[in-house]
Amino acid sequence: MRALTWQAPNRLSVETVPDPSIVNPKDAIVRVVMSSVCGSDLHLLGGYVPTMQPGDVIGHEFLGEVVETGSAVSAFAKGDRVIAISIIGCGECAYCSRNDFNCCDNSNPNSPQTELAYGYTCAAIFGYSHAFGGYAGSHATYVRVPYAEVNLFKVPEGITNEQAVFVSDAAPTGFFGADQANIQRGDTVAVWGCGGVGQMAVRSAYLLGAERVIAIDRFTDRLELAERKAHALPLNYETTDVHEALLELTGGRGPDRCIECVGMEAHGTGIEYAYDKVKQQLRLHTERGEALRQAIHSCRKGGTVSVLGVYGGLLDKFPMGAIVNKALTLRAGQQAGQRYAERLFQYILADLLDPSYLLTHPMSLEEGPEGYRLFKHKEQNCLRAVFMP
Amino acid sequence: MNPHPPLAAERIPPERLHQANVQGLERAASLAGGSLLIGKGLRRGGLGGGLQVILGGLALVRGLSGRCALKAAMQPSPLEQQLIEDTHWRSAKALARSITINRPREELYRYWRDFNNLPTFMTFLEHIEVLPGARVRWVARLPMGKTLEWTTHLTEDLPGERLAWESEANAPIRNLGRVTFRDAPDEQGTEIQALIAYEPPAGRVGHALAGLLDQLPAFKTAQDLRRLKQLMETGEIATSRMTRDARVETLQPVPPTAEQGIH
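These protein sequence lines are chains A and B, in that order.
Residue numbers for the first sequence follow our numbering, beginning at 55 and rising by one.
Residue numbers for the second sequence follow our numbering, beginning at 1202 and rising by one.
Just so you know, these hints were derived from the structure itself, not from any lab.
For each residue, glycine too, the CB sits at the ideal point set by N, CA and C.
Certain hints may be false.
Unchecked claim - Taking lysine to any residue and the SDA-like style, the derived pairs with C-alpha atoms no more than 25 Å apart in a straight line are: (1) A/Lys430 / A/Gln107; (2) B/Lys1421 / A/Cys157; (3) B/Lys1421 / A/Ala171; (4) B/Lys1421 / A/Gln167; (5) B/Lys1421 / A/Thr105; (6) B/Lys1421 / A/Ala148; (7) B/Lys1421 / B/Gly1334; (8) B/Lys1421 / A/Pro166; (9) A/Lys132 / B/Arg1442; (10) A/Lys355 / A/Gly263; (11) A/Lys208 / B/Met1443; (12) B/Lys1421 / A/Leu170; (13) B/Lys1421 / A/Tyr149; (14) A/Lys208 / B/Lys1421; (15) A/Lys132 / B/Leu1265; (16) B/Lys1421 / A/Gln107; (17) B/Lys1421 / A/Gly263; (18) B/Lys1421 / A/Tyr174; (19) A/Lys132 / B/Lys1347; (20) A/Lys432 / A/Asn215; (21) A/Lys132 / B/Met1443; (22) B/Lys1421 / A/Gly173; (23) B/Lys1421 / A/Asn215; (24) B/Lys1421 / A/Tyr172; (25) A/Lys283 / A/Asn215.
As the list claims (entries may be wrong) - Below, a sample of chain B positions facing chain A; criterion: calculated Cβ distance under 8 Å: (26) Leu1296; (27) Ser1299; (28) Pro1305; (29) Thr1422; (30) Gln1424; (31) Glu1434; (32) Arg1442; (33) Thr1444.
From just these sequences and the hints, can you work out the full model?
Laid out in structure tokens, this is it:
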């Protein structure tokens, strides 16, 4: 089969690799119909995530058709139109049993790396480095899905592929961030980053009862989409002082809930950004924390900061004083999409959510490297390139 | 046996923390040797001389303070000390690891009690043979295709709670294993505590050598327990392999049992 592989930092190539087959009884093989790029792939691409190996197949947000199932899979059959949740759960460990699939204890066969780095073994993710399991990703003709009955979801009739593919990752991630933010009726929510996940976080915040959502970015096309499609109030941090603006908009209180959808390669305008960038390039720290610091700084006293952005290691100059003295709650995590997939499908069927506008660049798999180039440099207003193998 | 054995994580007994451990002739030798090395290093100069000065300085500090961190780290931990008292070995190296498995205590005990099951999740084992009289013959894999064999007998068997075994007199390396099964709080299944200990060859030096070698086995023990957890909870061992025959591995996925349905 053909697959988009990581070869070295900033070097991708489409290669011919062996087809996957059923290895374990709970596996399914899915023929990929759509596979989306994701902002978190850019950290892999940029070489910020260690334990990538040349030839690794990337991609973790996909929709496809079941072609084969293992002996222990009965809920799915050949021909089913499905999406897979990008963070792999086993469905049986104590974490999965209480719906914390993102904390799964069993899905990661390469336990030592995350155990060393983070203290415990973390759940596996499709196509997301060997530390996170070493599973081949979805930018390929076929993908092997472990624990199929836990991680696959049939797409209901009446939902298009363009809508459903994002229920794999962007939509549940945004929803998870809003859910973790503990939004109360009437709250003002600020969302940092208007990529696919940020767009979904804005919409999810409204679905969970927010009165008003403010979206922060520097790309005017993304801000426009957040305003037009998700009804956010847009703020461009390159032209506006974000903290001042948030105070102005909230009667001086600050947003009740802040959702950070940016992560370790944050951009900024001030001296702190320059400091972060230099230090990261000298490998003295792994994260650029401009967006996260701003969210913590602006969040109202007693509010919640929900972190969806990907961080890999150690962040420097972390404003612990603001968290303690303003009594903030900090929540974070990879998405537990298995919790939300059915609910998100219901929202889509009821016309309350439509993620399809994220798909700006449908492309063939062979155009994969070009798709990532457009996406990385935000050329042609690329919000998401989606490959159709 | 002590109802509260020391934690495996306890490295140094508290009373030894500030105790001088370099005395008498050894201390005098450190002082003299350190001074000599510094002198020689200064006369010689250059990189080699610099290294001699540093080495001499370390020996001098050792002699002056009467303390040597390296020596302290080479001494047995409180748990190992207790094992030495239990077994009358010359010295002991212990590896211990705990894991919580979301299955009932009796089921996990039963699985472990059938020693034939161990090679399924313990990668260092090539083969297990259960002999009459609760004896077990172990064949472990060594590098370069070699194997190491020994026989153990059960020293404790409390169904659903505890299993312990010890090597027989003719073992090439004397060793023992202890596994306890305890209900985890809040119906999270069972906490398994596994302890493997052995008598390092050649006394003190062997102990220090084994300490270096242990870094890898400690992780291996943890991974073995993870594989057991994956197998007992999900009925299969997690793998990122793309195909069944991509790499030759001894791990055979087992079909899930009826009770391991999906919630």
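- Violations among the numbered hints: Failing hints, ascending: 7, 14, 15, 17, 19, 23, 26, 27, 28 and 29.
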